[in-house]
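Novice: For the sequence shown, counting from 1, position 210 maps to 210 in my numbering; every step adds exactly one.
Just so you know, not all the hints are guaranteed correct.
Said to hold, decoys possible - Label pairs and their calculated CB-CB ranges:
no., residue 1, residue 2, range
1, 33, 173, 20 to 28 angstroms
2, 36, 114, 21 to 29 angstroms
3, 158, 116, 24 to 32 angstroms
4, 102, 70, 14 to 22 angstroms
5, 130, 166, 18 to 26 angstroms
6, 126, 91, 47 to 55 angstroms
7, 158, 80, 15 to 23 angstroms
8, 180, 34, 40 to 48 angstroms
9, 102, 30, 49 to 57 angstroms
10, 109, 27, 19 to 27 angstroms
Hints are computed from structural coordinates only; laboratory data are not their basis.
C-beta atoms are modelled at their ideal positions from N, C-alpha and C, and glycine is treated no differently.
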Amino acid sequence: MARCCCCFGLRTGSILIGMLLLLLDLAGVVWAGLSLAVDYDKLDLQTWPEVLQTQLARLDSQAQHIANWVVLGLAGAGLLTDLALIFGAASRRRCGQLLWLIWRALVFTLATLALLVLLGLSIWLLVDASAAEKLGLDDQTLVDAIQDAFRSEEERQTRRRNSYIALLVASVVGLVIMSVLWGWYGAVDRNQRRLRHATVIVKTQHMHTSRL
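Turn these sequences into a full structure, and let the hints steer you where they fit.
Specialist: Below you can see the structure in the form of C-alpha cells.
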C-alpha cells in the first residue's frame, strides 16, 4: 500500500496524477476557449460556415457551439479539482483529495457508461443489418455522416461497415483508457484512506498523551 504509480509513493503518485490530468484539462480549456473565440469571430463577421470537416463535420454550427461550452465547463471544473488534488496531497490535507475523488468518480462513471453504450451500439450496428433503420439512420443520413462519395451499393456497404468497426475500436480503446484512469483513481483513494488512518492514529496518541 506504500507504493503505487510506477513505484512512486502514494503521496507523490497522487501529485503526479493530478499534474497529468491537469495538463489534459488545461488542453481542453484552451481548445474549447479557442473554438468559442473563433465562433464569436464568425458571428461578428456574419460568416458562420459549416463546422470544419472533421469527424464532427455533420454537427451543425450551433450544436458545435454548445459542445464547446460543455467541454469548457467540464475541463474547467476538472482543472480546479486537479489543483485541489495537487495542493491537498502536497500539504497532506484531505479536503482537496475528497473534492477530486467526488468529481472524478462522477465523470469517470458517466464516461464509462457512455463508452459501454457506444460499444453496445457499434456491435448492434455490425451484427444487425436493420439496426441503422431502427435508429432512424437511413442510407442518405449515413452517406452524409461519413462523407461517402462512392456510387455503388457494394462500396457504400463496405464504407459503412468500416465506420462501424472504427466505432467499435474507438469504444474498446476508450474503455482501456478508462480502466487506467480508474486505476489512478484507486491510487488517490488509497492515499486518502492512508491520510485518514494517520489522522486517527495521531488523534488517538494525542488523547492518550493528554490523559497521562
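Novice: Now tell me if each hint is right for this structure.
Specialist: Hints and how they fare:
1. 33 <-> 173: 20 to 28 angstroms: 27 angstroms, holds
2. 36 <-> 114: 21 to 29 angstroms: 23 angstroms, holds
3. 158 <-> 116: 24 to 32 angstroms: Given range 24 to 32 angstroms: holds, Cβ gap about 27 angstroms.
4. 102 <-> 70: 14 to 22 angstroms: At roughly 20 angstroms between Cβ atoms, residue 70 and residue 102 fall inside 14 to 22 angstroms, so the hint holds.
5. 130 <-> 166: 18 to 26 angstroms: 21 angstroms, holds
6. 126 <-> 91: 47 to 55 angstroms: About 51 angstroms separates the Cβ atoms of residue 126 and residue 91, which means 47 to 55 angstroms holds.
7. 158 <-> 80: 15 to 23 angstroms: Violated, at about 46 angstroms.
8. 180 <-> 34: 40 to 48 angstroms: Given range 40 to 48 angstroms: violated, Cβ gap about 27 angstroms.
9. 102 <-> 30: 49 to 57 angstroms: 25 angstroms, violated
10. 109 <-> 27: 19 to 27 angstroms: 22 angstroms, holds
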